[in-house]
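Participant: Below, each chain spelled out in residue letters.
Number of protein chains: 2
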Amino acid sequence: MQRHFEEQLEQLRERLLTMGSLVEKAVHLSVESLEQRNESLATQVIAEIEPQINNLQLELDDRALQLLALQQPMAVDLRLITSTMKINSDLERMGDQAVNIAERALSILSQPFHKVSIDLPRMAEISEQMVKDSLDAFVRRDSELARQVVLRDDEVDQFRDKVFGELIACMIKVPRCIQQSLDMILVSRNLERIADHATNIAEDVIYVVEGQDIRHHAEARANAKP
Amino acid sequence: MQRHFEEQLEQLRERLLTMGSLVEKAVHLSVESLEQRNESLATQVIAEIEPQINNLQLELDDRALQLLALQQPMAVDLRLITSTMKINSDLERMGDQAVNIAERALSILSQPFHKVSIDLPRMAEISEQMVKDSLDAFVRRDSELARQVVLRDDEVDQFRDKVFGELIACMIKVPRCIQQSLDMILVSRNLERIADHATNIAEDVIYVVEGQDIRHHAEARANAKP
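From first to last, the protein sequence lines stand for chains W and S.
Numbered according to the numbering used here, the first sequence spans residues 859 to 1084.
Numbered according to the numbering used here, the second sequence spans residues 859 to 1084.
Some hints could be false.
Any copy, or any two copies together, can satisfy a pair, since identical chains are not distinguished.
As the list claims (entries may be wrong) - Taking lysine to any residue pairs in the SDA-like style, the calculated list, with each CA pair at most 25 Å apart, reads: (1) LYS883 <-> ARG1073; (2) LYS944 <-> GLU868; (3) LYS883 <-> ALA933; (4) LYS990 <-> GLN929; (5) LYS1020 <-> ILE904.
Rather than coming from a laboratory, the hints here were simulated on the basis of the structure.
In this text the structure is predicted, and so the values were computed from the model without any measurement.
Please take these sequences and the hints and turn them into a complete structure.
Facilitator: Right, dumping it as structure tokens:
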């Protein structure tokens, strides 16, 4: 019974990582489709990757619920399973955000090209890194890395405000850039939400490893800084 | 033991409804602050209501986890508890969106007043009704009402696209409206997300009542239509 449980738990963990890889790929390709003005990458995210993510979400919830029902786990295993359900939900929503970015990329591609020089690529880079780090923290049960992810969330918010200011200035100066600038603002919001979900995952990792719930507690978040 | 469990389950349900009422209030007041240009309503959402929502989120997760650990519930009770955790998470995120709307209202208040005639109030009305109906469906275990919520999500998405088009047209015609129009576009996105979370809750209600997971299955969603 115990060995069977361990195996099932390991399978749950592996499937969550498969889902994580797919979401990382979706986020990466959606940003690439925008930066390289590549329609087929955007279509790949929308038509191929997201349906796989959705299927995995259902499978993972089902596996987690089976484990709760049949094995009645305690303490750390219980925290791991309920956190897996939360991480699963955050990953699926990241996938939705990647689809939104891909849709914006398609919208931008349909417009005449205006080079708008803003900090979006850097913002995308940080958000992608947060996704990667939050999943690595989960794999390695590394609550220190998870705390670093939580702290980077503010950096993304600062980029969001900077991008917003730059694009408004651009819209006022060059009205023919309005549509494209708007698309870019919405992409920056999607990236911000991806970073938020990565932060949620990092908070779940800290909870699984340390049993400490740091959501909404600024003082606990700051513990990463010596 | 069984009676104690029933009592605790009932308490969990009641606290979730308290949280639901607070979130409904936050959404309603944030929209009012925007429509009535009322700064104190916006501040109330940000400084008073959201911290209460955050505290309740932690309390509810804690209660749910205790029930899972100590009572090891089966079947419908297990679905109810894990769904409560999911609904809890959706409610907290709705609270975040209400805060974002309140912040946009404060931004709009700081700008010179330009009357922008768009469908935002109607969109707000539908989103608020979806929040209310999803919670009523939970209270009454009414999967039919829940299905209606799921179906209304498309209506909100249509409003979002309509508002977007109207505001872009306005920005191009009257450049001094750019900042305010942008704020309105972001509010329409916040309302869209609130409607999405209400849809998630409705899907959870269907799952609790019928044991059927309708996420990502368009054909099951359509069952509400005869």
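Participant: Hints first: check each against the structure and report whether it holds.
Facilitator: Structure-based check of each hint:
1. Taking the closest pair of Cα atoms, LYS883 and ARG1073 come within 25 Å of each other only across two copies (22 Å); inside a single copy the shortest separation is 27 Å, beyond that limit.
2. Taking the closest pair of Cα atoms, LYS944 and GLU868 come within 25 Å of each other both inside a single copy (17 Å) and across two copies (23 Å).
3. For the identical chains of this complex, LYS883 and ALA933 are neighbours neither inside a copy (33 Å) nor across copies (36 Å), given an alpha-carbon limit of 25 Å.
4. Within a single copy, LYS990 and GLN929 get their C-alpha atoms no closer than 31 Å, and across copies no closer than 36 Å, so neither meets the 25 Å cut-off.
5. Taking the shortest alpha-carbon separations for LYS1020 and ILE904, only the inter-copy value of 23 Å comes in at or below 25 Å, while the best intra-copy value is 28 Å.
Checked against the numbered hints listed earlier, the structure breaks hints 3, 4; every other hint is satisfied.
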